[in-house]
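Okay, here's what each chain looks like letter by letter:
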Amino acid sequence: MDIDDILAEVDRAGVPQEARDLQSLTRLWVAERVAPEMQPYPEDLMERVLDRIAKQIEAIEEEAGNMDPKTSFKLVVVQTELERFKFLVRSFLRARIAKLDAHPHYYSSGTPYTFLSASERQYLSAHQALLARHYAASFLSQFPHSLQRLDDSAGGVNMVDVPDVDKAVICRVLKDNVGVVAVEGTDVRCDMERGDVWVIRWSAIKERVMAGDLELI
Amino acid sequence: MYGDAANKLIAHAARTRSLPTLPAPQTELIASIIAETRSLQSTVNTLLGPASQDPSSSIINDPGARVQLLTAYVCMRRNKRCLMAYARGRVERIAGSVWEGGKGMSSGGDGGEEGAEGGNLSPEEEDYARQYADLLAAYKGRWTDVDLTGSLEPPRDLFVDVRVLRDAGEIQTEYGTINLTKNSQFYVRQGDVERLIAQGYLQKLG
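Which chain is which? The protein sequence lines are A and B, in order.
Note that the UniProt record's numbering numbers the first sequence so that position 12 is 12, with each residue one more than the last.
Note that the UniProt record's numbering numbers the second sequence so that position 44 is 44, with each residue one more than the last.
All the given hints hold, so there is nothing to weed out.
Below, a list of computed lysine to aspartate or glutamate pairs in the DMTMM-like style, where the Cα atoms sit at most 25 Å apart:
hint, chain 1, residue 1, chain 2, residue 2
1, B, Lys140, A, Asp101
2, B, Lys140, B, Asp127
3, A, Lys70, B, Asp157
4, A, Lys55, B, Asp147
5, A, Lys74, B, Asp147
It should be emphasised that the hints constitute simulated quantities derived from the structure, not laboratory data.
Okay, chain A solo, but in the shape it has when bound:
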């Protein structure tokens, strides 16, 4: 442990929970927008953020009647901040829903399913049922029986589309001693140092991003 680590330690301890939440939410939001796959739903973080949004709205409503110019200026600042937070949450959730709709079968089982929040699971199953009904009503019910499945993999072609995990993403290294990242199927080895920026396949760094060693940009 050298002086930088100690300083980093102090830095982390000195930053209040709210600021850290904002930072991690922003990080997750960026990651959700660029990564080809969905990431685990940050249950606790979202709860804290939504809680704070609700409190802010309440506080604003209380202060709204106040005509004192000083408070109304403060109110404008608070409201602006609130709008930004709302945007962040909204865009984050929408990015997740968009991914869910793009590859519904992929997310409806196995590990990807565990990444969803309870309401996202409900949305997914409801939307799946709705789509299945729609396809059946439109044409699928008139097809021969053997062809009516939606997740057919016979004939060498799998009907279920999966996200392209080999998509290139741009990431920044956040921690020391991340070590060497190997890209599967190639001879590429990346020796990652703190502060480095790499363009690399998502599949190679997925675990490290989720562990917080890297951030996507």
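Mind docking chain B on chain A? Use the hints.
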């Protein structure tokens, strides 16, 4: 030839993507694809029919029949994929317009989606649009504070200049009531008028 109709349908689907509104569904084409698939299936059945009763007369020894079987098999699957892709493309458009608040939804209850897509939805698609709107409303209900269908542009200012394009009546804001008459201009909180901008009543001024 097998697959021609499906090919046309895919060409339609590709063109649909660049059109501003959803065109009417290709009902005839779809029906002909379904008919083709069914006739292929009956071909398969007649080919396989004798084989299932008498394994010794198996068509496995007849290369011609085997090729016919394979062709039918592949064509049916291809037809299905093309139909799925076509339907999916349309469904995504419909879902997208539901997310955007379904312009024209307010004009007439049932089949309100007609306004958005020029009445070019099949009955099944209208059903889908209605049910998806319900589903969306249910999901949105969990995030009342955030308003999921709000703008996806990062907010820059709390207040914006807007010009009224169509009479929208009065709206309540915390700074009092504003009467939105055509061609007037206001400086209002973006959150208050988001909906009206999306619905085309107001225009945001740069």
